[in-house]
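Could you slot chains B and C onto chain A? The hints should help.
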Amino acid sequence: MYVYAFLVGIFVAVVNGGDGLMYLMLVPSYWFLWAQGAKRCHDLGHSGWWQLIPFYGLWMLFGNGEIENNEYGENPKMERYRRLQSQYQSTSFNLNKQQVPPQKESGTGEYQSGDLYNR
Amino acid sequence: MMIYDINKLNISSSHPCLIVYLVDQSYSMNERFGGPWRKRADAVAESINDTIYNLGLSCLSDNGLKNRFEVAVIGYGAEKDVVQSAWIGNLQRSWVCTIEDIFNNPVDTKNDKPVWILPKAGHNTPMNRAFENAHRLCYDWINFGNHLECHPPIIINITDGEATDSGTKFTRLKETVHHVKNLRTHYDAVKVFNVHISSDRGGKVAFPMSEPTHNAAFASLLYDLSSELNTSMIERANALGYNISQGARGYIFNGDSSDLINFLKIGSDPI
Amino acid sequence: MKSVVFQIQKPENGEFANIQDACLLKPDMALIADGATQGFQSGRYANDIVNSIGALKKVNYSEIEKAVISANSTFEDAVINYSTNPAIKALEQTKSKIGGASTLTAAWLRDGKVHYLNVGDSTLLLFNSDLELKWSLHKNSRELESDGLWLSSKDTTNLKNSRQGIIEEYCDGDVLVVLSDAVAKYILEFQEKIKDILKIESTQHFIDWVDGLWDAKSLEFDDITIVIWYPGKEECSVCIPSTDFILEKYIQERPAVLPDYYNEAFMKEFNQLKSDFNRLLSRVNELERRQYNLKKSILIVSAVLIGLGLYLNRDIVFTETQEVLDSFKEAFKPSEESNSGEPIDSLGASFQDSMNSLVDSLGVHGADSLDLVAGDSTVND
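In order, the protein sequences belong to chains A, B and C.
At position 9 of the first sequence (counting the first as 1) the number is 232 in my numbering, and the numbers step up by one without a gap.
At position 23 of the second sequence (counting the first as 1) the number is 1521 in my numbering, and the numbers step up by one without a gap.
At position 14 of the third sequence (counting the first as 1) the number is 31 in my numbering, and the numbers step up by one without a gap.
Treat the hints as calculated values from the structure; they're not laboratory data.
Where is the CB? At the ideal position from N, CA and C, for every residue including glycine.
Among the hints, erroneous ones may be present.
Take a look, some chain A residues computed to stay more than 12 Å from chain B by CB distance [stated by the list, open to error]:
hint, residue
1, Pro-251
2, Ser-252
3, Gly-260
4, His-269
5, Trp-273
6, Gln-274
7, Tyr-279
A partial selection of chain C residues facing chain B, derived with a Cβ cut-off under 7 Å [unchecked claim]:
hint, residue
8, Asn-35
9, Ala-107
10, Glu-237
11, Tyr-267
Chain A with its partners taken away, still in its complex shape (with noise of 0.2 Å):
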């Protein structure tokens, strides 16, 4: 970006004497800011074009991205839900794999008969 900058200063002094650089510089300013604005309404749900709304911006600065995959495609921190989530699956208390003494197995799990005192 500063970079970009330079050069467009550079040339722009070039043809014009100085003047003219804001302009250049405030045209990939610009796109960058509305594509990350337009990045961030697509989080909340909305089309980019609200961050023309006044005031909208608050809201984005604010607001709860939504966190299931909406229109705009899949929630970036999905991924990152997806490994916590895991993690507290494998030290959930599974008491199952506990000390459990040789079951038979009973299908669909209801009683059946001579089950009384199954060990």
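Using the frame of chain A, we list chains B and C on its own:
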């Protein structure tokens, strides 16, 4: 001729009694009950754990635990249309457990007391299938060893809603429970008690002697499905403030958390 | 005619040594203490009571009361070996708060009269030489069942309220029978059955007699203790089985006990994991709460700063806004004819003026750029 007088029957390890808890584990058991941070499933699990602990107290003798009671806990509705034993840990997949087994295998402790049943709330309410399981289980239990000479099993159904697998008129459920109540030992028939819990304070029915005139059809149905309390249960209920007499049925509709605890105390100690 | 003690344990107790009844027979005294299952280690408590009373040199009501109080101290002071299983230990600790519980029925001979003291549902019957019932402590089995009192190792209230008296009906040749509750109910219902008891001459005969009644469901399954006492008679005998005697007939097929998988290490690890999880959960909740508070604070501060900025620069803001609005108003006025009769491009000129004033207010310099925007053909070179 032998006269089987249930008033002369002592529950002992040579003549044990079976208690079966049918526990509703449907999704609605997630709702608040008896406190802002307490769900119905939590209240039910705690009550059952306390009741089992009290059964243990009555089984404790000078030389350890006597197997005077055998307990089965059947959960229904944790997953869609699923009925299964609610024991976990080492008792997982066991159906009927003796008191000794139970106290040798708790899964947790809470307030210095052992815990066996954990709260669960999942899906729907296959109550009819739960009673069918209880029927098969009681039939096998009665025909095991000398159990024909023992106190008949007691089935306590804890629910917060209507059966979802018995149609709108609950015909199949009525038939199934009728078959269950026809099972008997030499002393008496199997007892079936029902406690319905909810946060709705209006329209509570407790130990009625006649069919309740309630708007909910399910209230009348549960009355039909419930057996009468015996004398010692009636005395215990009166001691807990319910003011009932002979002929009262073991049934509460729209009960709150204290009703649940009292009901289990009354229904789980037949002598 | 000799005094006899009969005892048999209930099948649930296993060996005879585990019987919860205790009894004492002397020429001048007979008593039964029946340990109640509601109490803690009641069999031991009943034995303590009997031993304490049996050691008395002189027997009267106050001495018996003192003996019971002494038995209470002995019982409470004894060291309790709790189970290593925490679940059962919790039960034992809960029940130990109740203390020991036992009934007591004692009868003693003094000055030719038979005195008695009773707490609870063991009873005392007086039969004449023809074995007809002359007097009974409890009139019938219903009264016996409703007598729910017992002695407690923690509290002497029931001891102080015990039934006490002298059996006036007693005379020489009568026989006193002290009974524990199960057999008392039976004899109160069928008084003539006392003759069957008095015909029993051996332990095996007694066991068979009780077994027959259990088979017929005429007798409750409970510890059975009968003391046949001829007051003043020296001859005494005992019909009790050996300590390891078991009623094998009642050993039923029982489900196998699960092997003891209770594992301290597992429970410790389980509890550790649970507390770690709860700690992480509370940390996450705390962070979420802080994040929320931070967002709220930033929002408030931003709103305040913007408001402050607008307020401090209100003149400029107002003026510039007004100028911009005025220019736009001018721009959209209907076109006027110029002096030469040609329409004036007032829109273009107004627009250019508006842009000029806007650019000035932004502090941007350079008329060339404005000319570029307006597209005016009269751009100065």
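Item checked: Unsatisfied constraints (hint numbers, rising) -> none
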